[in-house]
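Once you've looked at the hints, dock chain P against the given chain U.
Read top to bottom, the protein sequences are chains U and P.
Note that numbering that gives the first Met the number 0 has the first sequence beginning at 0, numbered continuously upward.
Note that numbering that gives the first Met the number 0 has the second sequence beginning at 0, numbered continuously upward.
Just to be clear, a hint being listed does not mean it is correct.
To give an idea of the chain P side of the interface with chain U (calculated C-beta under 7 Å), a few residues [said to hold, decoys possible]:
(1) S15
(2) A42
(3) L87
(4) D205
(5) D253
(6) P461
(7) L484
(8) R485
(9) P524
(10) P592
(11) I593
(12) A596
(13) R599
Quick caveat, the hints were computed from the structure, so don't treat them as lab data.
We put the beta carbon where it would ideally sit given N, CA and C, even for glycine.
Number of protein chains: 2
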Amino acid sequence: MSSTEARRSIATVCLSGTLEDKLTAAARAGFDGVEIFENDLVASSWSAKEISEHCADLGLSIDLYQPFRDFEAVPPAVLARNLRRAELKFDVMEQLGADTMLVCSSVSPDAVDDDELAAEQLRLLAERADARGLRIAYEALAWGRFVNTYEHSWRIVRRAAHPALGLCLDSFHILSRGSDPAAIRTIPGEKLFFLQLADAPRLQMDVLQWSRHHRLFPGQGAFDLTTFTGHVLAAGYRGPLSLEVFNDVFRQADPAPAAVDAMRSLLALQESLGVADLPAAPELAGHAFVELAADDVAESELAAALRGLGFAETGHHRSKPVRLWQQGDARILLNRTEPGPSGSASVGAVAVESADPVGSARRAQRLLAPILPRSHRADEADLSAVAAPDGTSVFFCRTGAETGDSWLGDFTVTDEAGPGAGVTGIDHLALTQPFDHFDEAALFYRAVLGLEPEPVTEFAAPFGLVRSRTVASGRVRITLESALLRRGEWAPGVREPQRVAFTTADALASASRMRELGAPLLDIPGNYYDDLDARLAPDPELLTALRQQSVLYDRDEHGELLHFFTVVLGGRVFFEVVQRIGGYAGDGAANSPIRMAAHRRQREARGTSA
Amino acid sequence: MSSTEARRSIATVCLSGTLEDKLTAAARAGFDGVEIFENDLVASSWSAKEISEHCADLGLSIDLYQPFRDFEAVPPAVLARNLRRAELKFDVMEQLGADTMLVCSSVSPDAVDDDELAAEQLRLLAERADARGLRIAYEALAWGRFVNTYEHSWRIVRRAAHPALGLCLDSFHILSRGSDPAAIRTIPGEKLFFLQLADAPRLQMDVLQWSRHHRLFPGQGAFDLTTFTGHVLAAGYRGPLSLEVFNDVFRQADPAPAAVDAMRSLLALQESLGVADLPAAPELAGHAFVELAADDVAESELAAALRGLGFAETGHHRSKPVRLWQQGDARILLNRTEPGPSGSASVGAVAVESADPVGSARRAQRLLAPILPRSHRADEADLSAVAAPDGTSVFFCRTGAETGDSWLGDFTVTDEAGPGAGVTGIDHLALTQPFDHFDEAALFYRAVLGLEPEPVTEFAAPFGLVRSRTVASGRVRITLESALLRRGEWAPGVREPQRVAFTTADALASASRMRELGAPLLDIPGNYYDDLDARLAPDPELLTALRQQSVLYDRDEHGELLHFFTVVLGGRVFFEVVQRIGGYAGDGAANSPIRMAAHRRQREARGTSA
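So that you can see chain U by itself, here it is in the shape it has in the complex (with noise of 0.2 Å):
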């Protein structure tokens, strides 16, 4: 960390498991210190005392004790009560080593509208606080039953008028109620005690359940948080940036992994404010390569409908049981691995053309990507790889570079000419993500690879909801996808397959070829070509050589798409062929539950006969 740059944070209400599983996941993110959420300390066998020295051990600060809640604005009775519930809290916070208690505004049917008193009994207790060395920063809940801005906030800690009483923002209570932070800046910078930062996708629904289920790290979500934060660092706020996020799927995860997705989105919130020193993400140009890891069985049904597809075998590693498979610029490696239960394959790595491949894996690096230790013979390409959060190899590299430092360089290419269908190149990728770690993705290719998130969307498919988000730069173009709710054992499979798509510029006569050629192309029902008649009317000689073919189409207001898909092979995987007619911007997702429909057709008819 440099000098400059400001000190991270987390909540630990931000992640699973007790006190202790959570201080050891932050620590190791690197985490400068902590916000230590009651609850989590109310649970705890270890005193306030023992947590301190605990965080000491790990290199944590506590930068406050949080909640504490339905102090202000109350009658004289209520008043004493909470008084004796604060020094109590204060008593903790001694302990803790903890200068800094967030006092959230009221929602309390005891408490009255009534800025005056609430001014004078929050100097009262700041007064208190100050007794003992301790501040208070005060909080507009987005749902305080009258104070819910920070606008209206602030007129209170103005009018309180102590050094000891300051501000807790909270870019959540903030945006959520669509408030403008731009008045921030008018905040005098030692008045605000507190930053908390959380991101969240735009929902319609009751705020304070939309707070306490759907928060998301910043970069997650929708809302504008570099401009936000710009306000709170340019009204003078130097204390920690610090990640408050409620949310259900983080809750139940494992929290090292959540710990590192924090860190790694105020990484990229700090590059957007131009306070972070990490190095720009290298232009990337598309696809190189895409590996895929099957045993003996499996590379045999991948090698022959590559085949099918018009592929031909075009070169194998000198030193691994790697061989290529290209056509045009559509490269497959299929890499033998050990046998699996029953001939199984899977998208092992996806190599991508990087203007500098050594800049993009010490970005990644720096952005806590693990980077892949690489075996490789002295004479061989050092390739860069780190490793996605569902645990795919991502390689940087430049297929084009002199050879040595071409990946291409470790294959001895052989000249078999394929037989060709058209296939131009890899037209994207669908890559199925466990289900607690789709946002974690979508924010690793962001800010790891530089790629543009486009908006997530979702589709019922016949076993399930199905979530998915396409990231894509230029010709590289990844699409996540999630079950929406971790499946169960009726759906099938745990993990619906993964796909390499390719491209071709006429996919009826690539269809037709590759039935000549013998691949397995997956048979779509005659009900799918009826509805598309009634739904989008396309000329009936298409229609009937669409049904002929078994492709399907799909329409939008930039262009069309014509694509079509084999069966699933090695249990995992399957290949799409790809037609783009204008600029039509998305991947069929419409035509997805037929494709699941069809495939799982595909795998009763193999069950039944095996």
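Below, chain P alone, put in the same frame as chain U:
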């Protein structure tokens, strides 16, 4: 089905899987008919004709083809396209043998706000339908662009005045908007072409999202479907009662139990309307016993714990490896099973005292609860038992009946006198439910046993949110708990442990006595008592005693709760002892996260020492 009962149908969109899966599940659960959702048909490899034949084989009529959207109040060119689209769907319906098509009110940007035009164009559509022996059911979507109330859709249908045009009423669209359904009675019955039923929890969110993701089967949510359906029947509606439930969880759950759950919801609704011929639920007086299934290792652990809690082994079954442990009216059966992985126990059976065990079982069977075959000797009591959705056996019995009729007659009673520790009976059970079965379980206990469901609550537990709902009646009380999201590998144990809670009149005395007897009680950390002091400020002497005995405390507007726990025994069961003071209503759920964190520490401590 008696001849006066309405036919029961279900929309295919309620269930997971392909169309084939859905039809099979609906038929097996006893539905008379189905609504076929367009997407299910389009993805099917069966032609419409084959679907029709398949449904006939399964004894299912096809009551509705749905949905057809965005038809009415459009410019002439769009109308021509829409009529072409409709004629193609009429072709499909002829093949299907379905005579009614659902047309939802338009959300299209092409539509205009003109009731006259809407009526005119719908009349045109009805004429086309009529010419083919079909009819059109027009439905106001709650988010329809111009038509979004049933009163408005009825004005348009009345104005169109065509015998082949009528209304489809959907309880969600009407009740979600807070419309008064009483005016439905003023609509002539012959103009009510179709009735779709869905319940839902009260959520403050966008109505479209609420409808698409969170609908429930009748009786599982907050809508008064009895009154609603009563109005529709009073108007003279004679079509099927048909379920149309979009729910994220049901969409990915096994369709076989989901269809049974759906059918049970309709049977219970019909009972509440007085149009179902079900035997009434006999009165339940309390818990008769709880049977814990345990292998020999776990049985020793449980027996030692029960002895520590003051129980005595007072009998053994005459022909089975089952031992009876008793204290006051609390009875636990330990049923020795084959050895599990490493000493495993679970709640095998829940037994309730029924005024009429045979009547209870007969009702359960009519409500599709699987009757469990019992092996018993000729001279043993024939216990009536059914299986709950999570597989737990539910016994109906009369402990106080004449010997020979009481299950106690099957036991040889020893005269061991237990040490006693103040336990007087069973207060409640908490049964953790599989993720997919939470709503089904609440409906099961309500409909089958006649228990009253309390509101659903949620709390943040260390490894994710937990949803909880108690079903109770008199002294029978069962708390259903489930993770809000299906847990992954991180959370310890896919299912939280189950508990049996005993009643005491003096928790502190019981805890003290049980410690003397060597009960394996759970230690509660000091932080909890510091926080309790700050929050509720109990009398200092009480606080000291609670802290000393690791007894937890809660308070509501009716009274107080003192309670404490054993460690987890046999991997999945623990005991609780509960003292209720005054009218305290809950189960101390606020303390559950504390207990869960303490249980986690216990598991970890064991893991380390093992």
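Hints and how they fare:
| no. | hint | verdict |
| --- | --- | --- |
| 1 | S15 | holds (6 Å) |
| 2 | A42 | holds (4 Å) |
| 3 | L87 | holds (4 Å) |
| 4 | D205 | holds (4 Å) |
| 5 | D253 | holds (4 Å) |
| 6 | P461 | holds (5 Å) |
| 7 | L484 | holds (6 Å) |
| 8 | R485 | holds (4 Å) |
| 9 | P524 | holds (4 Å) |
| 10 | P592 | holds (6 Å) |
| 11 | I593 | holds (5 Å) |
| 12 | A596 | holds (4 Å) |
| 13 | R599 | holds (6 Å) |
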